[in-house]
Amino acid sequence: MGIKAYLAKKVVGIIITMWVIATINFFLFQVMPFTLLGINPEQWFVPIVGTQHNLQYIQKIREMVIAQLGFNKPLDIRYFIYLKAMFTFQFGYNVGSVLSGPVISTIARYAPYTVLLLGGSTIVSFFISLYLGVFSAHKRGTTVDQVSFMTLLFFYAMPSFWIGTLLLLIFAYYLKLSPPNAAAYFSSFHGIAYYLAVLKAMILPFTSLTLISIGGFYLIQRSTAIDIINEDFVTVLKAKGLKDRSILYKHVLRNAILPTLTIFAISMGFVLSGAVITETIFGWPGLGYWTYMAIVTQDFPLEQAIFFIISLMVVLANFIADISYGLLDPRIRRG
Amino acid sequence: MSYKRQLKLFAKNKMGVAGAFIIVFFTLMAVFAPYLTSNPPSQTFVTGPWAVPSWATIFPPYNNLPPNIEAVSNNLNSWKIYTYNNANYTLQQSILPSSAVSVTRYKNTKAQVITMSSQVPAGMGEVSLLNMTYDFNYLYRPAYKFAFGVLFDPIIAANISDLYIKFTLITPSGKAYALTRYVYIASSPEVIDSLDNGLHMNSWNSIFMASDTIPVVMSAFGPSGLSISMPAMVILNQKGNYKLNIQVIAFESSQPGYVKFSLADPYFFIYGRQYGLLGSDNDGRDLWSQFVWGSRISIEVGLLASIFSVAMGLIIGLIAGMFGGLVEELTMRLTDIFLVIPFLPLAIVVLFLLTQNAFLAKSLYFWLVVLFAVLSWPSVARVIRSQVLSLKERGYIEASKALGAGNWHIIRKHIIPNVMGLVYANLALSVPGFILTEAALDFLFPGSSTTPTWGRMLSKAYDHAASAVYFQFGWWWFIFPGLAIVLLSLAFVMIGYALDEIFNPRLRGQ
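As you go down the protein sequences, you meet chains A and B in turn.
Once you know that position 237 of the first sequence is 237 in our numbering, the rest is easy, because the numbers rise by one and skip nothing.
Adding 1000 to a residue's 1-based position in the second sequence gives its number in our numbering.
To be clear, the hints were calculated from the coordinates, so they are not data collected in a lab.
All C-beta atoms in this analysis are idealised placements derived from N, C-alpha and C, irrespective of residue type, glycine included.
It is possible that part of the hints are untrue.
[To be verified] A few chain B positions that, by computed beta-carbon distances, are all more than 12 Å from chain A: (1) Leu1334; (2) Ala1402; (3) Gly1421; (4) Ala1440; (5) Tyr1470.
[Unchecked claim] Pairwise CB distance ranges, derived in the manner of DEER restraints: (6) B/Ala1018 with A/Arg140: 17 to 27 Å; (7) B/Leu1389 with A/Gly101: 47 to 57 Å; (8) B/Glu1398 with A/Gly2: 26 to 36 Å; (9) A/Thr151 with B/Asp1135: 51 to 61 Å; (10) B/Phe1021 with A/Tyr194: 23 to 33 Å; (11) A/Thr151 with B/Asn1075: 55 to 65 Å; (12) B/Asn1063 with A/Leu175: 21 to 31 Å; (13) B/Leu1487 with A/Phe171: 17 to 27 Å; (14) A/Gly101 with B/Ser1038: 46 to 56 Å.
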């Protein structure tokens, strides 16, 4: 298969995937509550805050939502309007009780927080586990290897809300080294102080996420490295008299990087999905936090948009992973 | 490979055995939950708030913490009783009527009742009609909370303006704390709602108060820390002999009056700061009970979702592998799609939709299992399919085809036995994800159901993280549910690895 045909096939796959996801998204938010579940649309769109206070406001919101989501139109028309809106990134307006304005600008405003936090911690845990995995494979069977294997397996199985809560308890509430709610903390700063405050508030969620994601990378890197170490070329390098260090971190690491890199690329796709739980626990105002808040505040256009964008990012990341896999491993390109 | 030999190999695998051991442990816990716990998981104040696990009291910081203590006896013979003018009283065992106002402790059982009557002269001010005292030793560190009460039946109260019951606690150093703002009734038969209790004339009233609602005492304390919300810590901060004094007091009237009343079941309960195997939460709920009952949902959801998804994946994977065509194409496409769907956000949305409908919300966890299974079967199907494809090329299948074996025969005799290893490994390896996701959903939306789960336990603990710092961190509340999730997940991972090694001869040698 030529490269062009390969790419074309992939792109068609992406479009089909996104279409299916968008359709699920559509039915989830628009059809289910009204037909399958028999929920009253009136009830559905009453914002939580201000229920008693401001009937006029609620009425306005309700009309706006009904018009925006097209509930005054038949289902099939609504579906096509929706599809067009999704693929042109016209996500409508926030209807929740917390945010207002266009959904796309909400996302643009909060996505950087997620990219900073998730991107940073994914990269850091990727590099740590690269070296740790190779090191562990080299020391295979020794106490050092067993301890690090068990520890990281433990981290791998750790629920993010557990480690998050424990870190919060110790470092935020007891030692008071870090603010318990990130957004509430750094929103009171301006200028340079703001960026410093963001960094300070980021320490706990960053640590939490790094600890969790390091396990997965490490386990893959270790098992690949074990295979590589047993290969003939390593024996040859040893026979040539190369130092262990240079064999491990130059040759073994480079050869063992591929599977880990694939997982890394896919995780980068999930970066936007954010760690819903970690962000919520630490009050970090990224897209994960808003995924949760959109449900709590019943901001459905926002939820829909986040869902769509996250899926798109994951699809693209998978695509990039596939391509780069081919570029990095000549055997695959030939095959 | 025979099943016996597989079992033998498994028994030799340390990891697998350890995993199986953990799973059996938690499964037994889930099955025998009713016999392992003595309190319903949601019942509040089975002990004091933030009680440490009892076994922790062997460590110095937790030495000498009080357990639950029933400090005074309800046998009135062991009380010192004085009456006004040495008026006569009777002590007798009688069954309290079930119509009594919230007389719960003595429903249909006998209680010792003291009954007395007395004349009250005019213009005397306060007259203490009945004065009863009980001595008890308290040798622990201060408790966070106590509660006290009595059952009281004002039978006749003629020509007196008010009738009070007054609780006083005298500490070893002699300081007297008035525990009640007077609990009072009016002289007229109609009920006047007092500040604390409205007493009903001529019927049994249950007077019950807890230390954290003592209004008068509270203002007497300094501004520092816990003592404001927990007066018990100030009142019970000495070791030694305490005296509980209960008085029935009639208040001045302009004419000579007459009073007759009965009193039963005096009560002074010190809520423990150590309790059970896992202590208690901020409202004195038994955490061991929550922990044990919580194991049920984790195991059920994890196993069922895994069984459903692997069963679906197996069937569809077999069809796709054997016959190819539309099923194969569809499976591959679906796997591609389901792999990129953000799982947790989708689960959150579905959970929300489920909770909106009373009917669906009733069987919430069943629907979650369905959701998990639906989203995860395609990846199982893909693995099975590729295994089937490689098996199809093997010589013995070709041979059996040549001998005229039908598809069904080949699937049954050659394919299924050879994919079972994969199936078992997939069963085990997919469980942790389901357990973690279920716990995460409960953590994020604890209000979605009232079923006790580990995720819900941690969610409440997280809500109280700010105050936990004042209570030894509440570490028993934060650590154990999370640890259980990790252990159970790891146990399945370990079994999965072990099965992989058994069925995958290439791995066995390593």
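Here's how the hints hold up against the structure:
1. Leu1334: violated, 9 Å
2. Ala1402: holds, 31 Å
3. Gly1421: holds, 18 Å
4. Ala1440: At about 6 Å from chain A, B/Ala1440 fails to clear the 12 Å cut-off, so the statement is violated.
5. Tyr1470: For B/Tyr1470, whose nearest Cβ neighbour in chain A is about 10 Å away, the distance does not exceed 12 Å, so it is violated.
6. B/Ala1018 with A/Arg140: 17 to 27 Å: Because 20 Å falls inside the window, the suggested range holds.
7. B/Leu1389 with A/Gly101: 47 to 57 Å: holds, 52 Å
8. B/Glu1398 with A/Gly2: 26 to 36 Å: holds, 34 Å
9. A/Thr151 with B/Asp1135: 51 to 61 Å: holds, 56 Å
10. B/Phe1021 with A/Tyr194: 23 to 33 Å: At 52 Å between Cβs, range violated.
11. A/Thr151 with B/Asn1075: 55 to 65 Å: Given range 55 to 65 Å: holds, Cβ gap about 58 Å.
12. B/Asn1063 with A/Leu175: 21 to 31 Å: holds, 26 Å
13. B/Leu1487 with A/Phe171: 17 to 27 Å: holds, 25 Å
14. A/Gly101 with B/Ser1038: 46 to 56 Å: holds, 55 Å
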